[in-house]
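Here the protein sequences line up with chains A and B, keeping their order. Mapping the first sequence onto our numbering, position 282 (from 1) lands on 282, and the numbers just tick up by one. Mapping the second sequence onto our numbering, position 63 (from 1) lands on 601, and the numbers just tick up by one.
It is worth saying that the hints were derived from the structure and are not from the lab. Incorrect hints may appear among the rest.
[To be verified] Now the in silico label distances, taken between C-beta atoms and shown as ranges:
#: 1; chain 1: A; residue 1: F110; chain 2: B; residue 2: T854; range: 23 to 33 Å
#: 2; chain 1: A; residue 1: V150; chain 2: B; residue 2: D650; range: 51 to 61 Å
#: 3; chain 1: A; residue 1: S121; chain 2: B; residue 2: E689; range: 42 to 52 Å
#: 4; chain 1: B; residue 1: P900; chain 2: A; residue 2: F110; range: 26 to 36 Å
By construction, the Cβ of each residue, glycine as well, lies at the ideal position given by its N, Cα and C atoms.
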Amino acid sequence: MNHPRTLQSWFFETTAKPIYLMIGFMMVMQIIFTLYQNKVKFEEVRVSATSLSNILAVGLLQKNRLVIETGSAYAIANSGFKKICIYERGEFRYSIPFEVDKECRADSWFFFKEFDVILESVPDFRVKFIALRFPHWKDSIVLFLVSGLVCFPIYFILLLLVRKVDTHLITPLKESVGNLQIDGPFSKALSKFNIVELDDLMSSYVGKIEEIKELTERESQATRDAAIGRIITQLSHDLRAPLGSIEQLLYLPDDAALSSQKLRIRESIYRMNSMIESLRRADLELMIEPKIETLRFDHGLTGLIGKAKQKAIEIDIQNCYHGVRLLMDAPKFERAWVNLVSNALDAAKRKIMIVTEISGQDFFLRVVDDGPGVPEDFLPKLFQRGATHGKHDGTGLGLAYARQIMQGHGGDVGYRREHGQTIFECHLPNAVDQEKDYTMDNSEVFDAGLVQKLVRTVAICFEPESLSKSVLSEMASQKSDDFLFSGEMHGANIVVSNIDEVMFEILEGNEQEFIHVSPAWGDANGILARLKLKFNLS
Amino acid sequence: MQIKAKAKIFVLIGLGAIIASAAFWAKSQSAGKKLQPNRTVRVAFGVQWKLPLYPASQHSMIEDAILANQFESLVTRGENGLILPQCAKSYRFNDDFTVFDFDIDTSRRFSDGSTLTASDFKRSWEEGLRLRKNSANRNLEDMVTLVVGFEDFDRTGSLRGVEVISSDHLRVTFKRPFRMALMHLTGSRFAAFQHSGEKFLGTGRFVISPVTDSILQLKRNLFHPTDGGLQSIEIVYLEDPEKAIALGDIDIVAMSATRVDETDELKVTVGVEDASLFFHLNGLKGRTFSESRLRLAFQALVHQILKENPDAIKNTRERFQVDEQTFLPLQAGRLPQNQAAALVAEGDQYIDMLIKASQVQPIKIAMGKTFSFLEVALQRKGLKIISRRYTSTEDYFNEFYYKHESDVALGTASVHLSDPDGMYHYLGKHGAITSPMIQRPLVAELFEVGRNITDQDQIVAHYQKAAEAILKEVPAVHLGFVSHSYIYRADRLQVDRHYLERHFDQFAKVFNLK
């Protein structure tokens, strides 16, 4: 598979590298050519030296200066010799050009080459030739310079073009596409070029952006619809428990008894309202948004107490961590374990135990009953949606929903049998702050009367964290109806709200809301006003 | 992605270099072709000439170089030493080198528009023999004495051996075989000229017009067929031409013997030994050096001093090389080095005699500016001398050719041809630049005979005898050879013939404007 490359990488591979290779190749070829030229030239020089030596031998034999002078002068002018010297019995006799110092020597061994030729017909004489070692060095340097002058500007111009494309087209396109902007930097960049092809590209781009927006909207709506469908199904299942409780009231004998059950009626109605509210916000139902929240058993168990008493089943909470603060999506976690307890009430003979445990940063909640357990053949589809066993009115949603919620927390729900008992275990990973002491009174017993007004807590983490505690406490003293300020907790400045609108606003955003507090916001009143403005509470 | 400033700089440098290279290339291309007709090239000589300038007046290498620009002879020397037709379209000679026929190029014209014919040569040579001589002998004598009928010239006024067969056919008949006849005829002194009052007209590329005694203007001869090249030349005499060219006042220093380190602006042509430096010894009757032993002694003493003072020679900055022998190295007539050294050393035994003689009769030495260390060195050796400096070039020529007041006169002679007969100019009986003070009968006779030898083997043997005679008779003490070159402004001129032979050619054949 071909991985996409960066523009730089593409430029290097397709342009810079070939140019480098071309320059390198040209330089190597020039070196080879220069060496070859030198070799050829020196062959010519040697041939000329041999020919001239024969002429000089004749001149020396005849003592004819005309032959010697014209022959050597012609060779100097035409055969690349820098100097020609004649020695007689080792003593300098003649040179062309005229040599005063009688030392016929090259000015530089690097630039000049010396070689002697013995004249066989006049053995007393020898001729020394001095020739340029690199006769074409100027040509070579010019070639090198021309190569460099041609190749490097081309390279840099291409680099410039690539960078212009990157700066003026690709980067604006990235920004515009990222934000699905039509009149963004990409549009501005294209308008600068004023090129027909680019304008066409922009038109096409605008069309595609509109299309993408529409498709995204559709997909969002479809997701929302699907979630609503699922939740309706789920709520149909969940509503049966409170309705069952209310139904039971119809069979009570007198008003006094009904009066004693008012609390149950009220809680059942509350649960149904809560579920209806979930229905209203169906698209958010499956979103798990862990926050630091308090674990409470009272809310969840309120609706199950009647059923338990009717079936004479004791619900016992072992190692109770009621009131502990965990990182979780509390309402959904409650829904999960309530489903497990509800199932246990159907299967248990005499007793159900709710056992909680903290291990490291993980939190475990086990629902243990003394029922017969799940048959082996049903185990593979135990947590599948629609799978039910042993209940004449089962919908097969409870366990599937519990698993979905726990997996949404990064954990899971497990089933096992131990010592004749059925155990469903919820695992909440990384939910515990280890620095806290979670040792609880094992004897604390569930009290159905502990049902409290629902308070939805929302954490808003301010930036900078250095927002002083005094400012927070000052904000808390405002006793706002919208925000309950609880101060610094877990390294963040926490603001707690009991207003749904605040929660929804935050839930629709990121999992954790960071609000940068500018000094320009002023004091606590100013910050509060800003928060209200942000959450449309003003 | 930000564009790095370095990349931008590289691009700018690259583009700048391309533009600069292109501009440089374009400039060099145009500079090589562009002709600047109004540009006058200024040429300086460090030695002065004598006016008026006409072919037969030539008696120095300077004048030879100047005259070649206006006056053309029958033949000329090509780049490779070959003798090429010039005013003669072609030439022929018989087997014994006595009869030479020349086909004259009658399409050539003098600068007044008149046509060149064969009779112009006969007339010019005859007139040249009648014009005032600038040396001891008439300038053309060294050749025309061998022409048939020369002995009757003073009586008849005509050279019988020079015949005008037709307007375009000239025949020259020599009494005896003349090996170097053609070579001698290449000199501008044998050119055809028209004589009109003070003006001398030639067929050459330029017309020379004296502005002052020290400045000559050379303007184009409009009837000369050659186009292009240099259009206007000014020749000036300067005492320190090397300084002037370094300052950019002139373009060429002609025939400079000064060593110059080449730069981008100043370049030097390549030359060979083209002049000899002599102590001419006055051997006239009654003079100190009429005694041959004293001449030998002086020769030995001078070479002792030269060997003992190599640094002093180097400090002269001359392109000079010490050599006892008059003939060029590797030339016919050149003696083995040890033989020459032995002959010179024969004078050692007479040095005391010379010193004693000088106590009685101090030796008068006339010199120029250079080699003054020799005077001091001679005095240190015990020689009593009376020295004087030449006041001018004219002063030297007067002394050497006519006055003969000095016993020793330092001078330069550019007489070397490739053939040893070149030395005839200086030591031959009818030599153009000889002087009675250096005439030695034995030497003169050997040179007279030598010019008629045509067998190469005989030439070598004969001139070795002449060389021995020179070292024994000592007409002059040969100090060594000088190589002259042209120094030129390479930023203004390009050189077309980098190698220069002894007979320096026309400026327009050597240089061109950039």
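Outcome of the hint check:
no.: 1; hint: A:F110 / B:T854: 23 to 33 Å; verdict: holds (32 Å)
no.: 2; hint: A:V150 / B:D650: 51 to 61 Å; verdict: holds (59 Å)
no.: 3; hint: A:S121 / B:E689: 42 to 52 Å; verdict: holds (45 Å)
no.: 4; hint: B:P900 / A:F110: 26 to 36 Å; verdict: violated (56 Å)
Violated hint for the displayed structure: number 4, the only one.
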